[in-house]
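Asker: Each chain, written out:
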Amino acid sequence: EVQLVESGGRLVRPGGSLRLSCAASGFSFSSNSMNWVRQAPGKGPEWVSHITPTSSTIYYAHSVKGRFTISRDNAKNTLYLQMSSLRVEDTAIYYCVSSMSDFRSGSNWLDPWGQGTLVTVSS
Amino acid sequence: DIQMTQSPSSLSASIGDRITITCRSSQHIGTHLNWYQQKPRKAPKILINAASSLQSGVPPRFSGSGSGTDFTLTISNLQTEDFATYYCQQSYSTRLTFGGGTKVEI
Chain U
1 EVQLVESGGR LVRPGGSLRL SCAASGFSFS SNSMNWVRQA PGKGPEWVSH
51 ITPTSSTIYY AHSVKGRFTI SRDNAKNTLY LQMSSLRVED TAIYYCVSSM
101 SDFRSGSNWL DPWGQGTLVT VSS
Chain D
1 DIQMTQSPSS LSASIGDRIT ITCRSSQHIG THLNWYQQKP RKAPKILINA
51 ASSLQSGVPP RFSGSGSGTD FTLTISNLQT EDFATYYCQQ SYSTRLTFGG
101 GTKVEI
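One line per chain: the protein sequences are U and D, in this order. Going by this note's numbering, the residue at position 8 of the first sequence is 8; the numbering climbs one at a time, nothing skipped. Going by this note's numbering, the residue at position 77 of the second sequence is 77; the numbering climbs one at a time, nothing skipped.
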């Protein structure tokens, strides 16, 4: 069974730091690009960051660039998100999500998703 | 970034109805458009990729169409389990973006 299990979310003060982890199992983690997607309370999903299988290419949303760092350890089947200079507007459920592709069509999509971990930034 | 605009933001429907949700992108994205379903306290689930390709296990009452900047998700013969929020998402750009969502209510 494919599983993505996030951890590390908690209450943190504005300006603080936090590291999220995502443990992957049931699929070839080292072959898949991975993403972090967040969803603020009552809002739609917002893509945060993307990392390719060998970490050779990384992308960030403008809203987190310079503050968040995505990384992965393929030996441990684990994805990370290091978050610093946290703001109230970073409050959200953070999902770990795999990228899937169909090379014939060039299509790619997000699947599967973890259950999410809640990050609350508040004083 | 590519902006994705969904309409309506919510709609009320009955069991057996046929409904259509619209998604518009701020620039041409070909068919790099995906649809997700999200139920309360659950993560989004992929329904359709490449604008019209139904994911394995998704009932055929779901269908998608469109290309360029205008896309639609249609649910025929609405069932109880289809009451949820639906999001479109573009994968044309490396910075993925989602629509604001359409909540389908009874």
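Source of the hints: derived by calculation from the structure; they are not laboratory data. A few of these clues could be false.
Cut-off 16 Å, straight-line C-alpha distance, at most; resulting in silico cross-link-like pairs (EDC-like, lysine to aspartate or glutamate) [unchecked claim]:
#, chain 1, residue 1, chain 2, residue 2
1, D, Lys45, D, Glu81
2, D, Lys42, D, Asp1
3, D, Lys45, D, Asp82
4, D, Lys45, U, Glu89
5, D, Lys45, U, Glu46
6, D, Lys39, D, Asp82
7, D, Lys42, D, Glu81
8, U, Lys65, D, Asp1
9, U, Lys65, U, Glu46
10, D, Lys42, U, Asp111
11, U, Lys65, U, Asp102
12, D, Lys103, D, Asp70
Examples of chain D residues lying across from chain U (beta carbon under 7 Å, computed) [stated by the list, open to error]:
#, residue
13, Ser52
14, Ala84
15, Phe98
Covered, in the sense of this in silico footprint (three residues per stretch, anywhere, with C-beta under 8 Å from a C-beta of chain D), are these stretches of chain U [claimed, not checked]:
#, stretch
16, 39 to 46
17, 65 to 72
18, 102 to 108
19, 114 to 122
The structure presented is a predicted model; accordingly, all values stated were derived computationally and were not measured. Backbone N, C-alpha and C fix where the C-beta goes; we use that ideal spot for every residue, glycine too.
Asker: Among the hints numbered above, which are violated by the structure, and what are their numbers in rising order?
Answerer: 2, 4, 11, 12, 13, 14, 17
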